Amino acid sequence: MDIYRVHVSLRDIEPAIWRRIELSSQITLKQLHRILQIAMGWRNDHLHEYIVDGRRYGTPDPAYDDPGEIVRETGVRIATVLPEPGAEILYVYDFGDYWQHDVRLEAAFPPESDIKYPRILDGARNCPPEDCGGAGGYADLLEILLDPTHEEFEHMREWAGPHFNAEVFSVNAPNERLQKNRSLAVK
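The opening residue of the sequence shown carries number 3 in our numbering; numbering runs sequentially from there.
Each hint should be verified, as a subset may be incorrect.
Distance ranges between label pairs, derived from CB positions [claimed, not checked]:
1) ASN167 to ASP96: 20 to 30 Å
2) ALA110 to ARG13: 19 to 29 Å
3) LEU148 to ARG45: 21 to 31 Å
4) PRO113 to PRO164: 36 to 46 Å
In the SDA-like style, the derived pairs of lysine to any residue whose C-alpha atoms are separated by at most 25 Å in a straight line are [to be verified]:
5) LYS32 to ALA65
6) LYS182 to TRP44
7) LYS32 to MET3
8) LYS32 to ASN174
9) LYS118 to VAL78
10) LYS182 to ALA81
11) LYS32 to ASN128
12) LYS32 to GLY136
13) LYS182 to ASP47
14) LYS182 to ASP124
15) LYS182 to ARG22
16) LYS32 to LYS118
17) LYS118 to ALA65
18) LYS32 to ASP4
19) LYS32 to PRO87
20) LYS32 to GLU178
21) LYS32 to THR82
22) LYS118 to GLU16
23) LYS182 to ASN128
24) LYS32 to ASP99
25) LYS118 to HIS9
26) LYS118 to PRO85
27) LYS182 to PRO113
28) LYS182 to THR30
29) LYS32 to ASP124
30) LYS182 to PRO131
31) LYS32 to TYR66
32) LYS118 to ARG22
33) LYS32 to GLU108
34) LYS118 to VAL188
35) LYS32 to ILE72
36) LYS182 to ASP4
37) LYS118 to ILE53
38) LYS32 to ARG106
In case anyone wonders, no lab produced these hints; they're calculated from the structure.
Note that this is a predicted model, so its numbers are computed, not measured.
Every residue gets a Cβ at the ideal spot worked out from N, C-alpha and C, and that includes glycine.
With the hints as extra help, turn the sequences into a complete structure.
Set out below in structure tokens:
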């Protein structure tokens, strides 16, 4: 088993929102989803899928998806879809806001015995609030929050939360959450 160092970046946002994560090459796409939710700061309120070479992976819904249209993510290890450094997959979260994350394998290496995986090494900027309207809605939100005289300022400040700061990201809280989630730990 190798450890993968992946770089995750949210598309269509400038300046970039990104994370660098180390995790086991043997986790499934379902486990990767849970890691990405924690690392990015999402609340797991919405559906998601991966797109790899035009093929969709996720949780098929018989009411909406044709048989074989979506490959069940629980049986697919990330080593299968990220076979070598430089390989990249697309992770889509929230089909309404349609947040697209590029997940790129930077390196693969043996695990270090004194390190607990998965772990977030670094990142930049806070994740957008859930349900803010995708990249365009998020840009509008940030513009309003920069202008205390804007007619929607108070409403948006309350909606986003008084402590929301788009520029701040720390690895501490998400790393604590990852360490507490035993089903994601390297065994």
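Verification of the supplied hints:
| no. | hint | in the structure |
| --- | --- | --- |
| 1 | ASN167 to ASP96: 20 to 30 Å | 21 Å, holds |
| 2 | ALA110 to ARG13: 19 to 29 Å | 24 Å, holds |
| 3 | LEU148 to ARG45: 21 to 31 Å | 25 Å, holds |
| 4 | PRO113 to PRO164: 36 to 46 Å | 41 Å, holds |
| 5 | LYS32 to ALA65 | 21 Å, holds |
| 6 | LYS182 to TRP44 | 17 Å, holds |
| 7 | LYS32 to MET3 | 18 Å, holds |
| 8 | LYS32 to ASN174 | 23 Å, holds |
| 9 | LYS118 to VAL78 | 23 Å, holds |
| 10 | LYS182 to ALA81 | 24 Å, holds |
| 11 | LYS32 to ASN128 | 23 Å, holds |
| 12 | LYS32 to GLY136 | 23 Å, holds |
| 13 | LYS182 to ASP47 | 20 Å, holds |
| 14 | LYS182 to ASP124 | 19 Å, holds |
| 15 | LYS182 to ARG22 | 19 Å, holds |
| 16 | LYS32 to LYS118 | 20 Å, holds |
| 17 | LYS118 to ALA65 | 40 Å, violated |
| 18 | LYS32 to ASP4 | 18 Å, holds |
| 19 | LYS32 to PRO87 | 21 Å, holds |
| 20 | LYS32 to GLU178 | 20 Å, holds |
| 21 | LYS32 to THR82 | 13 Å, holds |
| 22 | LYS118 to GLU16 | 32 Å, violated |
| 23 | LYS182 to ASN128 | 21 Å, holds |
| 24 | LYS32 to ASP99 | 20 Å, holds |
| 25 | LYS118 to HIS9 | 18 Å, holds |
| 26 | LYS118 to PRO85 | 23 Å, holds |
| 27 | LYS182 to PRO113 | 19 Å, holds |
| 28 | LYS182 to THR30 | 18 Å, holds |
| 29 | LYS32 to ASP124 | 22 Å, holds |
| 30 | LYS182 to PRO131 | 23 Å, holds |
| 31 | LYS32 to TYR66 | 20 Å, holds |
| 32 | LYS118 to ARG22 | 15 Å, holds |
| 33 | LYS32 to GLU108 | 20 Å, holds |
| 34 | LYS118 to VAL188 | 7 Å, holds |
| 35 | LYS32 to ILE72 | 13 Å, holds |
| 36 | LYS182 to ASP4 | 22 Å, holds |
| 37 | LYS118 to ILE53 | 29 Å, violated |
| 38 | LYS32 to ARG106 | 17 Å, holds |
Of the numbered hints listed earlier, those contradicted by the structure are 17, 22 and 37.
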